[in-house]
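Q: Each chain, letter by letter, is given below.
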Amino acid sequence: MNNHDYFGALGLDRRLSLDTADLQKRFYEQSRKLHPDRFVAKPQAEQDAALEASSVLNDAYRVLRDPVSRAEYLLKQEGFDIGEQRSKDVPPELLEEVFELNMALEELRHGDEDARGSLDQAHSRFAAMRDAIDGELQALFRAYDTVQDRAVLQQIRGALNRRRYIRNLVNEVEKELAPK
Amino acid sequence: MSQMFDIDFSAHKQGRIVGIDLGTTNSLVAFMDLTGPKVIPGADGGNLVPSVVSYTREGVFLAGNPARDMLIDQPERTVYSVKRLMGKGAADVRHEVELFPFHITPDSDSVIRLQLGEKVLTPPEISAQVLGQLKRNAEVFLGEPVTRAVITVPAYFNDAQRQATRDAGRIAGLEVLRLVNEPTAASLAYGVDKRQNGVVAVYDFGGGTFDISILRLHDGIFEVLATNGDTHLGGDDIDNRLIRIGLEDIASEWGEDISKNGEAVQLLRRAVIRAKEELSFVPAVLIELDYHGKHYQREIHRELFENLIKDIIDRTLVPCRQCLADSGVSADQIDEVVMVGGSTRIPMVRRAVEALFRAKPHTELNPDEVVALGAAVQAGILSGDVDDKLLLDVTPLSLGIETMGGVVSKLIHRNSTIPASATENFTTAVDGQRNVLIHVVQGERELVKDCRSLARFDLKDIDPLPAGAARIEVKFLIDANGILSVSARDARSGKEQSVEVKPSYGLTDDQVEAMILESIEKAEADFNERQVREARVEADAILAATDKAKANDAWLDLDDAARQSIDTAVNHLLLVYHSDDHNLILAKIDELNQATMTLAEKMMNTAVSSALKGTKI
Chain F
1 MNNHDYFGAL GLDRRLSLDT ADLQKRFYEQ SRKLHPDRFV AKPQAEQDAA
51 LEASSVLNDA YRVLRDPVSR AEYLLKQEGF DIGEQRSKDV PPELLEEVFE
101 LNMALEELRH GDEDARGSLD QAHSRFAAMR DAIDGELQAL FRAYDTVQDR
151 AVLQQIRGAL NRRRYIRNLV NEVEKELAPK
Chain P
1001 MSQMFDIDFS AHKQGRIVGI DLGTTNSLVA FMDLTGPKVI PGADGGNLVP
1051 SVVSYTREGV FLAGNPARDM LIDQPERTVY SVKRLMGKGA ADVRHEVELF
1101 PFHITPDSDS VIRLQLGEKV LTPPEISAQV LGQLKRNAEV FLGEPVTRAV
1151 ITVPAYFNDA QRQATRDAGR IAGLEVLRLV NEPTAASLAY GVDKRQNGVV
1201 AVYDFGGGTF DISILRLHDG IFEVLATNGD THLGGDDIDN RLIRIGLEDI
1251 ASEWGEDISK NGEAVQLLRR AVIRAKEELS FVPAVLIELD YHGKHYQREI
1301 HRELFENLIK DIIDRTLVPC RQCLADSGVS ADQIDEVVMV GGSTRIPMVR
1351 RAVEALFRAK PHTELNPDEV VALGAAVQAG ILSGDVDDKL LLDVTPLSLG
1401 IETMGGVVSK LIHRNSTIPA SATENFTTAV DGQRNVLIHV VQGERELVKD
1451 CRSLARFDLK DIDPLPAGAA RIEVKFLIDA NGILSVSARD ARSGKEQSVE
1501 VKPSYGLTDD QVEAMILESI EKAEADFNER QVREARVEAD AILAATDKAK
1551 ANDAWLDLDD AARQSIDTAV NHLLLVYHSD DHNLILAKID ELNQATMTLA
1601 EKMMNTAVSS ALKGTKI
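Keeping their order, the protein sequence lines are chains F and P.
Positions 1 to 180 (the working numbering) are the ones given, in order, by the first sequence.
Positions 1001 to 1617 (the working numbering) are the ones given, in order, by the second sequence.
By construction, these hints were calculated from the structure, which means they are not laboratory data.
These numbers were taken from a predicted model, which means no experiment stands behind them.
C-beta atoms are modelled at their ideal positions from N, C-alpha and C, and glycine is treated no differently.
With the Cβ distance kept under 10 Å, some of the chain F side facing chain P (calculated, not the full set):
(1) Y28
(2) S31
(3) P36
(4) R38
(5) V40
(6) A41
(7) A50
(8) E52
(9) S54
(10) S55
(11) V56
(12) Y61
With a cut-off of at most 20 Å between alpha-carbon atoms, the simulated DMTMM-like pairs for lysine to aspartate or glutamate come out as follows:
(13) P:K1410 / F:D66
(14) P:K1495 / P:D1463
(15) F:K175 / P:D1326
Sequences are here, hints too, so could you generate the full structure?
A: What follows is the structure, encoded as structure tokens:
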């Protein structure tokens, strides 16, 4: 759907491991050149081009600075289907955990404050799992950058799906635990 | 300035770009001097132009201080805080009408129309009068025409509110080169000679709106990380609390409900504002009102005042927390907090901000002026005079389109750096379908009914094809002003697809064009009228002088022909005196001037000789 080359907009090779400080530096440098503020006195055609170029630059920076959206973007560019995820499908290794979590959520919603403790614990466990996946993703990013292999992208896609599922759980628990 | 120094101002051939803070309560205009941003004072020497507009019985618009005086004398012809109505529909503001003396006409719908005497005006037209006053102030001060401006808006203004502000500028004869968010502008003014790097929070609590922005400053780049706010929360709300107390007291003490009495309410409003402002510096104040021989007074202690407004201040903290969360920085990573807007003078506000951000807020810049100063810096950036700074702002609200079942599909998320864009593909649902209607909304909620409708875009003249075969690529682009534009093309042929915009609120382009034309015509009519009046005043003077001269001895010294030509010239002038052509009047004045030349010389000689005689005695 979106055919802009976000890596190119920031003068980068298509690599998944990025130094965020370097990315920010590039973004600021390009912004100084391309921002519409710099083109007010220029002919309309140049103004339009600057508007277009800086919107691509901003979109690129937004997508690339976050490792997850960066990986999703690259997967999409490489022809992987990462559209609407079946995030309701529970990864099998999590079945038991999720079942207990849903019980605790249900209890809390029905006013059972004792469930708060077990939810807190579940929250920490799931947050730790999310962090573990982030570590796993970093390793996969490095692997892809070295070999540029679709098999690695396939693994990344799997990790992203698990991550999305867990992130939704964490959000749900946080929403429930937040002071009303 | 330009007369004092030998500087090449050729870069300013198009004239300077001014920076304007179009506020709820007060407005200011500033420009970039060689030494930095400066506020331009009005004719009365004051920097603040009250955002009040009055339409006099004589059919003249007043804006600023003269209009503010009319609030008491002619409340039904005068309006203030109109910024609250910008980009709103009649249904949005029904609850406002209770305490604001807005005379909203019954035919108001998606555009509000206000009655000012016999005139009916939209909020942008009224704001244009304030902008016009600022424009004139700047022109007098700078000694050159001013046609281009940067205007500030609350960061949390939606698309319609931004468009309405830009329309107001256009109606006032200003090309609005950029709309800048107020807190961001404040950070620019603040960053001019202060911090170069770090994370700054700007807490902007003005007369009618509240904004919070968190920025990263990095070697001249001002990158907004997140923004939040409430476009219906400000000092006005605090005033209204105090007015309510006054009205209740008066109802029980005088046995009289004065809430429908515009003059009395305005007097009370003025009294509570004075009291509120003093309370920032003293522990207790008197609210006093004298009205038609009746007296009301009540002492207000700061403690009572703080109890009264606590929930209003708490309401500002909710957006602050959300903004922190969205910016990805924690409270202790905030290096500085900058306070903007008159309401930040209230000690309780300062305490609340300090507690939340765990940093002592900066108050050394005048909170009334800092936004206008920042707008002038942005004007300098646009003109190229300031080349080491750049603002990277964000869109405050998510942009989405309506999908099946009234659900919003988000295309551009809030806090995305602008310009920002999104592309979506659309197709047809029925064989031979020629149109596709796209409903665009702004807001964070999941359902269309909970978001703000922006506009409906009608993709027209689609090639008739079987259902689902058409492929139309629609591009949504939010520009650096935070304003949306939509373009579409047929993805198969690549040809541009025509799009018709139906804004949900606010004026269409045609309506704005008509208003601009009317204001130009009106300006020409006003200008003509003034020239004719000035010519008649001149004619009065020379006719009176000629009459007087006829009693002088010098008149008798003239030959018949000279006397004849003077009488003829007087008659010629009297004949054209009531014409609407000032040039004609001026020509006949000139004729009379020529005819009386010899007479004047003779009179001068007589006067001199009698004066000489006088000295001898």
